[in-house]
Amino acid sequence: MTSRRARRRIETARRVLAHPGALASTLFLVLTVALAFLAPWVLPLDPLHQELSASLEPPSAQFWFGADELGRDLLARVIYGARTSLVTAGGAVAIAAAIGIPIGLVAGFFGGWRDAVLMRFVDVLLALPNILFAMALIAVLGRSQLAALVAVGITGVPSFARITRAQVLSLRQRDFVLAVEALGGSSSYTMFTTVLPNSLSPILVQVVVLSSVAILLEAALSFLGVGIPPPTPSWGDLLRTGKSFLYEAPTYAVLPGIALTLTILSLDTLGRTLAAVLEDRREVAVTPGREEGRT
Amino acid sequence: MTGYVVRRLLQLLPVLLVASLGIWAMIYAVPGGPVASILGENATPEQVRELTARLGLDQPVLVQYWSWLVSALSGDLGRSLHTRDPVLHLIMQRVPATLQLGLCATVVGLVLGIPVAIASAIWPGSWLDRALSGWSALALGVPTFWLGILLILLFSVELRWLPSASAYVPFLESPWQAFRNTLMPALTLGTYVSGIFARFLRASLLGELKADYVRTARAKGLRERDVVGRHVMRNALLPFVTVVGLMLATFIGGTVVTEAVFTYPGLGRLLIQAIGSRDYPLIQGCILFVLVIYVLMNVLVDVLYAYIDPRIEYS
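Chains as they are written, first to last, in our numbering: chain E, 14 to 308; chain U, 25 to 339.
One chain only, chain U, in its complex shape (with noise of 0.2 Å):
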């Protein structure tokens, strides 16, 4: 086991190594070059010649890049331009904001995914059944900045209950007032993932009901529910570690697209703002930032698949 993560592991280096390389060029494509990003267009020679040599730029390329890849190792992700703040602790500040709206969109797509999933693969092919599936297409299918603007219209325009641009409040802190803040954007980012998590459930409890061992269940008398329930349920979910897998890339993008719905201060706000104002080391932070907790999580998946799921060689 431990062998196996330390391979999945071993793998990634040539992909990070090339990824990262990607975004540490990102400085370089940019038309001027970082100098002229950094001072604007009304530099001295004098100060460009003084910079090129504080950031190092006279030295080789090769060289460049791997002062830049040890310092970011070590947690150096550069100042940002315009706050002049150290860039990890910028995005340090930001990430409880995202992962408290991450946790939240995930309860609401359990509870509004399970219970479609299970009713649709009890009576496939009812009329339940094509609801269900029609409710999960559109929940895949609506843009997740519109819904959330339908959100605002019903929610904040019309009833006046919640407040149209989300804070971040702790829950521990006060509940309330986190729940009245997380409420609408984490509505918008679960139904997106409810839609996801029924497809795939659905498909694979349809799978197991075609099992033997159901058939025995039901043959030795158990109620339905207990078949399902108890027997049903748990292989089904294995699969379903995979989809959280699959789901991450949408799941990270939608938190983006949502925390710009709601003006609400997370990571994809922060780094929108990094794009907007071209403040370059602010803005490869996050990308990288983003790129290796992405990837780690990726392999946690795999990982974790492979310890629940006993059938699963390591080699």
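With the rest of the complex left out, here is chain E (with noise of 0.2 Å):
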């Protein structure tokens, strides 16, 4: 059973790569995160290192992408921003997978009036447009880093909870699923061990879509001088102060913009593949004889 699933992971990672765009926005994301991470024992760079007679200055050999205002590496400071944003994404995303899985199993496993409570809940969490939502936490967690994490995490809560719920019911009277319950099953172990384990496609792809919205959002926070905390580098807060010297540096504002650009189309490209994949992968297995192909 396990060396069948593992089997079927192997090939459904080896159709995403076929596709060219997703084999690139890997490769992307796999050097982002590689960087990021082993920065400090690979990179001679740091960013916090100041040398003002540097500031401002433009591309050079010394320092790549420029300097700042107070004469610290950019690129530095990029790379480092990235670990920021990817660790910031990640706890979103991890926090909003936790709570919203859940609420979306219990709500389409029982229905009735926990369906009720629980997706009443999610509504109020999608009362007010994303970024405002954390803003508001914000406003009253403070600005940190873990503030922004928790607001762009329970931002994301309604998505996961909604995609779980949704695959649930579509399970919730299939066979084998009444059978477990019939041989004895009790609910939390029907949920967790035949409920949760087959529904696990669409929040995968919902775990690369929100990593994007959430490096985006947290980016978007930061440019606006609600998010992570300065002097932390990150991308968001790069474009911020950046842009007060768009006459002086006009690359301050664009290289950072790039990493940042081309990290959320790779997570994008990576998520539709993804979905394409997995989506042609269940007609397939449904209809057997059907030929095997793109509509």
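Don't read these hints as lab results, they were simulated from the structure.
The model shown is predicted, which means the values in this text are computed figures rather than measured ones.
Each residue gets a CB set at the ideal place from its N, CA and C atoms; glycine is no exception.
You may find that some hints are simply not true.
Selected chain E positions facing chain U (in silico; Cβ < 10 Å) [what the hints assert, rightly or not]:
#, residue
1, Glu-194
2, Leu-196
3, Ser-200
4, Tyr-202
5, Val-239
6, Ile-271
7, Leu-280
With beta-carbon atoms standing in for the labels, derived distance ranges [said to hold, decoys possible]:
#, chain 1, residue 1, chain 2, residue 2, range
8, U, Val-181, E, Ala-107, 38 to 44 Å
9, E, Ser-157, U, Arg-249, 55 to 61 Å
10, E, Glu-292, U, Trp-185, 42 to 48 Å
11, U, Leu-123, E, Ala-19, 54 to 60 Å
12, U, Pro-148, E, Glu-292, 41 to 47 Å
13, E, Asn-211, U, Ala-235, 32 to 38 Å
Make the complex out of the two chains shown on their own, each in a separate frame, by following the hints.
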């Protein structure tokens, strides 16, 4: 069973990577993650070291991306900014999944009043656009990296809850679920060992999609000056400061933006390819005689 | 129909109540509570006692919420801690600017998005379709604030055509100045909107082009232009209304960010300034205002959809 699942995973990964766009995106993301987390050991760059004589210097052999207003290396700040973005986005998605998936699972599995109460709660989270909800939370929690992480995470709860619920509803009356219950499986046993493992495909797609949303939202909050406080380098904050020096150092605000945009586009491409491949696989599985191919 | 509208509005009540409770409770969750945030750190005990009584903070919590809600419903959102102006007045001053930006961005979105959708739906799978799909992916993926910065670099820093900070000039007062000041913010937000429009309209057009009536129209010798323009467009635009609903959230969020890029004096900037200066009544007011508008517009979209598509049951 496990080996079959593992084989299917490898097959899915292989088919995702067969798309040139998804392959390029994956390579870019792997490179970004590697640089972001290995930077202190691999690169001789310090994002906090100031060299005031180099203030706002354009890109050069010493500073590949130029220097900021305090003479700090912008390449180093972009790379360490990636670290901030990835940690915040990762934490936010984890929070969203940890709260959203159980909500959707319980709401879809039991239905009735539990469904009504939980989904009304989710509706309340949707009563404000994401960015405003996050700003309101940060206004209360105070400005910190943790506050940004929590705020972005909570705005992601509804999508996990809804997708999980929809998936559970479509499985709830299937024979294999009813069989487990008929054999005496308790509700939580059935939910976690039978329903949840079979709902993972759309949740996985959601994780990728939400990572890109989280990175964008965190950057937007920092750009607005309510996200991660300085001196921690973050892409949004780099763009915010760079915007003040558009005339003196045009590359300042352009280069961090390229890193941010490429990351978001890569995650989007990967998410859409993954969704298409998983969708395809399911259709093929349901109708075995059907010719394998995309519509 | 009236029953449907009323029911939709009634469904909203619990959501609005809970959300307003959250907004009201905001100020109590702030470290030190409302009194400390108003008086600052150097307040004497008498001042604290006096203000506590004046704000009604010695009353039971539910009584406090109730009186806050009642005055909010009657339009009294309190006064700004800094300027002492009524919050609703400050908000209303900013609404026309945000509205103008929103309308211009929608126009840009439609002008860029609809031709893209039509072109790629008529020749699906062609190189043009792939190029245009790439364009909409780009329009959706590029962060609005970075696009805004690139536009400023091009039009203000390089070409020196447009001001890098946009003032609010009403269109009816001075069309040319209004155009110069709104063009870049509208392009920034409109590009994103065009990506959404293009993607949804393409899917909806592709669905319609497979319908029987299209084959009939072609079979009777109608020119392709008329098939698409007269028959398909009308039906494809129907689900489009829901897109407007889906778009609202990103749209409102987008105006906040766009206003920040161009230091455009709209509602979003008011909120950011309020958060920056910890002006809690103003923060609460702005968020409550957006909440009510957003929720009501969502209902409006639902009702509109039910109205223009007779196949939808109101029950």
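- Beta-carbon spacing of Pro-148 of chain U to Glu-292 of chain E - inside the hinted bounds 41 to 47 Å or not: 18 Å, violated
- Message: Restraint: Ile-271 of chain E near chain U, CB-CB cut 10 Å. Satisfied or not?
- Response: Interface hint status for Ile-271 of chain E: holds (8 Å vs cutoff 10 Å).
- Message: Given a cut of 10 Å on the nearest C-beta pair, is the interface hint for Tyr-202 of chain E held or broken against chain U?
- Response: 33 Å, violated
- Query: If you take the shortest Cβ to Cβ gap from Ser-200 of chain E to chain U, is it below 10 Å?
  - Reply: Where the cut-off is 10 Å and the nearest Cβ of chain U is about 27 Å from Ser-200 of chain E, the hint is violated.
- Item | chain U contact restraint for Leu-196 of chain E - C-beta distance below 10 Å | 39 Å, violated
- Should the interface hint for Leu-280 of chain E be scored as holding, given a Cβ-Cβ cut-off of 10 Å against chain U? 9 Å, holds
- Message: Taking the Cβ atom of Asn-211 of chain E and the Cβ atom of Ala-235 of chain U, is their distance within the range 32 to 38 Å?
- Response: Holds, since Asn-211 of chain E and Ala-235 of chain U (Cβ atoms, about 35 Å apart) stay within the stated range.
- Can Val-239 of chain E be said to touch chain U, with a Cβ gap under 10 Å? 6 Å, holds
- Do Ser-157 of chain E and Arg-249 of chain U keep their Cβ atoms within the hinted range of 55 to 61 Å? For Arg-249 of chain U against Ser-157 of chain E, whose Cβ atoms are near 58 Å apart, the range 55 to 61 Å holds.
- Item | Cβ separation of Leu-123 of chain U and Ala-19 of chain E, checked against the hinted range 54 to 60 Å | 55 Å, holds
- Under the criterion of a CB-CB separation shorter than 10 Å, is Glu-194 of chain E in contact with chain U as hinted? With a closest approach of 32 Å, the Glu-194 of chain E hint is violated.
- Task: Could you see if the CB distance from Val-181 of chain U to Ala-107 of chain E stays within 38 to 44 Å?
- Result: 41 Å, holds
Hints 1, 2, 3, 4, 12, counting from the list given before, are not met by this structure.
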